[in-house]
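Asks: Sequence:
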Amino acid sequence: MTEDPELTPREEPRPRVPIRIEEALAALAIAAMGVITFANVITRYLTNISLAFTEEYAIALMVVMTMLGASVAVVRNHHIRITYFVDRLRPVMRRRAELFAIAITALVFLGLAVYGARMVWDEYRFEETSPGLGVPQWIYSIWLPVLSVVIVLRALGRGIRVARGNEQ
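Using this note's numbering, you'd call the opening residue of the sequence shown number 3 and step up by one each time.
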C-alpha cells in the first residue's frame with residue numbers, strides 16, 4: 003500500500019543557523035510578558051494600584067515575539083497561503099511559485115527593515131520618549147528593523163534551499 007504524500011510528515015528543513023535561537027527568544031519574550039502582566043494583576047488586586055510600565059513593555063515584547071514567530075514560520079514553511087492553485091501545478095512550476103513567494107516575503111521584510119530603521123533613527127535623533135514611562139522610544143522600536151533583517155536572511159536561506167532542490 004502506498005502512502006499519500008500529503009499525509010506523511012515532511013522532514014523539517016535544515017537551516018545552517020538553528021531556529022532554536024528564535025524559539026528560545028520567543029519563549030523568553032512570552033515568559034517576560036506573563037510575569038509582568040501577572041505582577042500587574044496581583045498588584046492591582048492587592049493595592050488597587052496599576053503598574054503603568056507593564057503595558058508598554060508587554061506591547062514591545064509582543065512585537066518582538068511576533069517577529070520571532072514570523073522568522074520561525076519562514077524557516078519551517080508555515081506561512082499563511084492559499085494553495086488551491088499552486089497544488090495543481092507541475093513540480094517545476096510549483097518550485098517557481100514557491101521561489102516567487104519567498105522573494106516577495108524577503109522584499110516586504112526588507113522594506114520593513116529600511117523604513118523601520120529610518121523610524122528608529124528619527125526617534126533617536128528627535129529624542130522621542132514613550133508616552134507612559136518617558137523611556138527613549140527607539141529602545142522599543144529598534145527590534146522591528148533588526149528582526150526584519152533576520153527574517154530577510156531566513157527567507158533568502160530558504161530560497162537557496164528551495165532553488166537547490168533540498169526542500170519543497
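Think of the hints as simulated: they come from the structure by calculation, not from any bench.
Every residue gets a Cβ at the ideal spot worked out from N, C-alpha and C, and that includes glycine.
Fair warning: there could be bad hints in the mix.
To be verified - Simulated restraints, written as ranges between beta carbons of each label pair:
#, residue 1, residue 2, range
1, LEU91, VAL116, 31 to 37 Å
2, LEU135, ALA165, 31 to 37 Å
3, VAL137, HIS80, 32 to 38 Å
4, ILE51, ILE106, 46 to 52 Å
5, ARG90, ALA26, 34 to 40 Å
6, THR39, PRO93, 43 to 49 Å
7, LEU91, ALA41, 27 to 33 Å
Asks: Compare the structure with each hint and give your call.
Replies: Hints and how they fare:
1. Between LEU91 and VAL116 the C-beta distance comes to about 32 Å, which sits within the given range of 31 to 37 Å.
2. Taken as a hint, the range 31 to 37 Å is violated for the pair LEU135 and ALA165, whose Cβ atoms sit roughly 46 Å apart.
3. Between VAL137 and HIS80, the C-beta spacing of about 34 Å keeps the proposed range 32 to 38 Å intact.
4. Between ILE51 and ILE106, the C-beta spacing of about 48 Å keeps the proposed range 46 to 52 Å intact.
5. Taken as a hint, the range 34 to 40 Å holds for the pair ARG90 and ALA26, whose Cβ atoms sit roughly 39 Å apart.
6. For THR39 and PRO93, the hinted distance range of 43 to 49 Å is satisfied, since their beta carbons lie about 47 Å from each other.
7. As the Cβ distance of LEU91 to ALA41 is approximately 52 Å, the hint placing it in 27 to 33 Å is violated.
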